[in-house]
Amino acid sequence: MSRLRDSYLGQGWLILLLAGAFGALLAAVHLKLSPRIEDNIQAEITREIPGLLLGAEVLEGASIKIEGDLVTVEPAVGEPRVLTIVEQPSEASALYRVAERDPGHLLGWVARGQDHGYADVIELLVGLTADTGRITGIYVLNQKETPALGDGIVRSDFRRHFVGIPTDRPLVVGADAAQSRYPIQALTGATVSSRSVCKIVNDTVALVKVEIAEEPEGSNARP
Amino acid sequence: MPVPEPTPLERFLNGILPENPVYRQLLGLCPTLAVTAAMKPAMTMVGATAFVLICANLITSLIRHLLKPHLRILVFTLTIATFVTIADRTLAAFAYPMSKLLGPYVPLIIVNCMIISRCEVCSSKQSPKTALADAVGVSLGFLLALASVATVREILGNGSWFGIQLVPESFPTLILMILPPGAFLALGSLLGLATWLGHRRKARASEPHAGSA
Amino acid sequence: MVEAPNKAPATPKKEAPIEPGLQVAPGPHLSSAGLTTQRLMVDVLIALVPVMSMALFLFRWFAVLQVGICVVSCLTVEAITSLWRGTRPSLQDTSAIVTGVILGLSLPWSAPWHVGVVASAVAIGFGKAVFGGLGQNIFNPAMVGRGFVMISFASSLGATAYVRSGATLEILTQATPLTAAKELSGNVPGLWALFVGNANGSLGETSVLACLVGGLYLCLRRSAVWQTPVSMITSAAVVAGIANLLMPESPLTVLQHLTSGALVFSAFFIATDPVTSPLTERGQVIFGAGLGALVVIIRLFSNYPEGVVFAVLLMNAVVPMINRVTIPKPLGGLPARA
Numbered sequence: 001m002s003r004l005r006d007s008y009l010g011q012g013w014l015i016l017l018l019a020g021a022f023g024a025l026l027a028a029v030h031l032k033l034s035p036r037i038e039d040n041i042q043a044e045i046t047r048e049i050p051g052l053l054l055g056a057e058v059l060e061g062a063s064i065k066i067e068g069d070l071v072t073v074e075p076a077v078g079e080p081r082v083l084t085i086v087e088q089p090s091e092a093s094a095l096y097r098v099a100e101r102d103p104g105h106l107l108g109w110v111a112r113g114q115d116h117g118y119a120d121v122i123e124l125l126v127g128l129t130a131d132t133g134r135i136t137g138i139y140v141l142n143q144k145e146t147p148a149l150g151d152g153i154v155r156s157d158f159r160r161h162f163v164g165i166p167t168d169r170p171l172v173v174g175a176d177a178a179q180s181r182y183p184i185q186a187l188t189g190a191t192v193s194s195r196s197v198c199k200i201v202n203d204t205v206a207l208v209k210v211e212i213a214e215e216p217e218g219s220n221a222r223p
Numbered sequence: 001m002p003v004p005e006p007t008p009l010e011r012f013l014n015g016i017l018p019e020n021p022v023y024r025q026l027l028g029l030c031p032t033l034a035v036t037a038a039m040k041p042a043m044t045m046v047g048a049t050a051f052v053l054i055c056a057n058l059i060t061s062l063i064r065h066l067l068k069p070h071l072r073i074l075v076f077t078l079t080i081a082t083f084v085t086i087a088d089r090t091l092a093a094f095a096y097p098m099s100k101l102l103g104p105y106v107p108l109i110i111v112n113c114m115i116i117s118r119c120e121v122c123s124s125k126q127s128p129k130t131a132l133a134d135a136v137g138v139s140l141g142f143l144l145a146l147a148s149v150a151t152v153r154e155i156l157g158n159g160s161w162f163g164i165q166l167v168p169e170s171f172p173t174l175i176l177m178i179l180p181p182g183a184f185l186a187l188g189s190l191l192g193l194a195t196w197l198g199h200r201r202k203a204r205a206s207e208p209h210a211g212s213a
Numbered sequence: 001m002v003e004a005p006n007k008a009p010a011t012p013k014k015e016a017p018i019e020p021g022l023q024v025a026p027g028p029h030l031s032s033a034g035l036t037t038q039r040l041m042v043d044v045l046i047a048l049v050p051v052m053s054m055a056l057f058l059f060r061w062f063a064v065l066q067v068g069i070c071v072v073s074c075l076t077v078e079a080i081t082s083l084w085r086g087t088r089p090s091l092q093d094t095s096a097i098v099t100g101v102i103l104g105l106s107l108p109w110s111a112p113w114h115v116g117v118v119a120s121a122v123a124i125g126f127g128k129a130v131f132g133g134l135g136q137n138i139f140n141p142a143m144v145g146r147g148f149v150m151i152s153f154a155s156s157l158g159a160t161a162y163v164r165s166g167a168t169l170e171i172l173t174q175a176t177p178l179t180a181a182k183e184l185s186g187n188v189p190g191l192w193a194l195f196v197g198n199a200n201g202s203l204g205e206t207s208v209l210a211c212l213v214g215g216l217y218l219c220l221r222r223s224a225v226w227q228t229p230v231s232m233i234t235s236a237a238v239v240a241g242i243a244n245l246l247m248p249e250s251p252l253t254v255l256q257h258l259t260s261g262a263l264v265f266s267a268f269f270i271a272t273d274p275v276t277s278p279l280t281e282r283g284q285v286i287f288g289a290g291l292g293a294l295v296v297i298i299r300l301f302s303n304y305p306e307g308v309v310f311a312v313l314l315m316n317a318v319v320p321m322i323n324r325v326t327i328p329k330p331l332g333g334l335p336a337r338a
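Protein chains in written order, with my numbering: chain U, 1 to 223; chain F, 1 to 213; chain D, 1 to 338.
These aren't lab readings, by the way, just hints derived from the structure by calculation.
Computed from a predicted structure; not experimentally measured.
For each residue, glycine too, the CB sits at the ideal point set by N, CA and C.
Worth double-checking, as some hints may not be accurate.
Claimed, not checked - Stretch-level coverage of chain F by chain U, calculated; a stretch enters the list once three of its residues show a Cβ under 8 Å from a Cβ in chain U:
1. 60-71
2. 76-88
3. 91-99
4. 103-113
Using the sequences and the hints given, assemble the complete structure.
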């Protein structure tokens, strides 16, 4: 009897039992809530796509209406623009082909990519021009970096560094960037977070470029 | 000499003011400083923390006779982490913008010492009824603390309360108060005020019986 | 060495019986019985007369108004906090007036009245009273108040606050020298204009000449130590010189660095505050050197045109450490070894 009580099982059965019960509880919660969370994220992605491709200035004071795949951007001044967003099959978490509805020309691509940051997974949206030659902007979907240091990656003054950078060679951060023509300034005290963001952008861009090059549509869209 | 069992009412009342988690025990200071720039995130944080605290207190109280002393912390952490994850997912599903605003601070409820200290001090030794009363009392105390800090900061720093504009937009506000240093200034001043009021009450209470003590 | 003849610690209400032995009291520590806190503070006020006259000449009634608001608010808050803490109002040592004058002189002429009031309340309340009154505070009260309003009311104290096109006073139409340098718009006033003070800026900082006259008076009266200002200005010059060697396109020469902004004003009137500066001469030199270097570094590398406030607050924070490493060896004592 005492041997059973001193065994690992005798000591830890409560923890194992609780772990099983809590695991089941979490699984149930996940099953119930994850579609809703995914919808929330999808809505956020759709809302952010116009800004990534048209530039943050266009969105200032603009109202955005979302109906299915159609996004209508009504800027404070000028004509409203209607964008069609179509999700493409891709190895990246998601790849969206964005075109203007009325002239029907391809506006660009937005890809979702993720990798480990300093604390947890960082998820990004990366906007690319129609010929995938330049980055049009990035947006941080999800991050749990250190407050006040690493979470600076969500700020627009950090994200602005990425706008307009050619994709012909990988981005480099901080100290490695001395020779690069387009160095990304690392956030103070958050080199790891900054490096992770660059890595995600590089990986996502590389993946998307290969995938789009394989499709005939991508090459047709070259202006 | 056996210590008399505290009654649920006693535990409930103690948690609010006499043993206020923030002003008396100085626990849970991270959320008190980090999410109190405005009332809305502060109250969301209180809600999530109260949910975790009540659930964790109830569960540990129910299994208190099965706990082994050297494994109890493990059980507490397991329980707390589970309910924090549930709270985090629920917020992400039903209050997505708030969940993004609070960011890492919701998962960080796991390391809020206020909760594990209630598990250790109260619920692992008391009946579920007392543990529940204790959790609700401490949650109210936490609510009081976060509400006071957030009220001071939002009104001084932004001229609003719960997002409702109280003073005209043109009125100069102390922007520093909604920045991180403002959290320390507000908490420090309120802590001083609370201690001062406490001392004064104690002095008043002891005056008539000065001789007997 | 450690004695404060003028002032007993304010916190205990009852008179403790004087026991033989070492008495430890908070600063300012004065070495002669004739030197009281009050005399020291009055000296500072006298030394500020040239600066105030210059401010009056340049900014007219704006200067009177700003300094007046700050002094009255500082005295009021000092009285309130002393009463609340149950100590005698410590108004007669005039330190609150000094804080008010320095605070007022560090503000721009255009700052609205609430800026001065909030700055004074924070300076006396959070800068001094919460630490336990004069002698107990870690940070220079005037700079605490100035820093608070600088961040809180960015639009009332930013670069644009100094300039008003179409003002009747001509200097008010120019950008401050350091802002002009920061924005690389050229047009930094000449050295002589900067030295005499014919330039825009905070009320008290414009004239290096006036600051030097007042500062010399303070040093000659031994009301301020000379080590801190000298080492602060020297180190600012050295750092500015190195920066100019590395970045030859810099818009400010070394001398322009020294004569623009609040560098000289703070060297004599802020850095020499006996409460928040180190006790030993060696410490004062280190303190001044750190201040001068930080001021220039903040000017060059931060978004703010001037760095005096942050430099003073940062260096105040390390004063206890400076004090610890510069403990003097007692005469005939053994070298301090661990």
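These are the hints, each one checked on the structure:
Look at the segment 60-71 of chain F against chain U: 5 of its residues bring a Cβ nearer than 8 Å to a Cβ of that chain, three or more, so the hint holds. Counting residues of the segment 76-88 of chain F whose CB lies closer than 8 Å to any CB of chain U gives 5, which reaches the minimum of 3, so the coverage claim holds. Counting residues of the segment 91-99 of chain F whose beta-carbon sits less than 8 Å from any beta-carbon of chain U gives 4, enough to reach three: the coverage restraint holds. With a threshold of 8 Å between beta carbons, the proposed coverage of the segment 103-113 of chain F by chain U holds, since 4 of its residues qualify and at least three are required.
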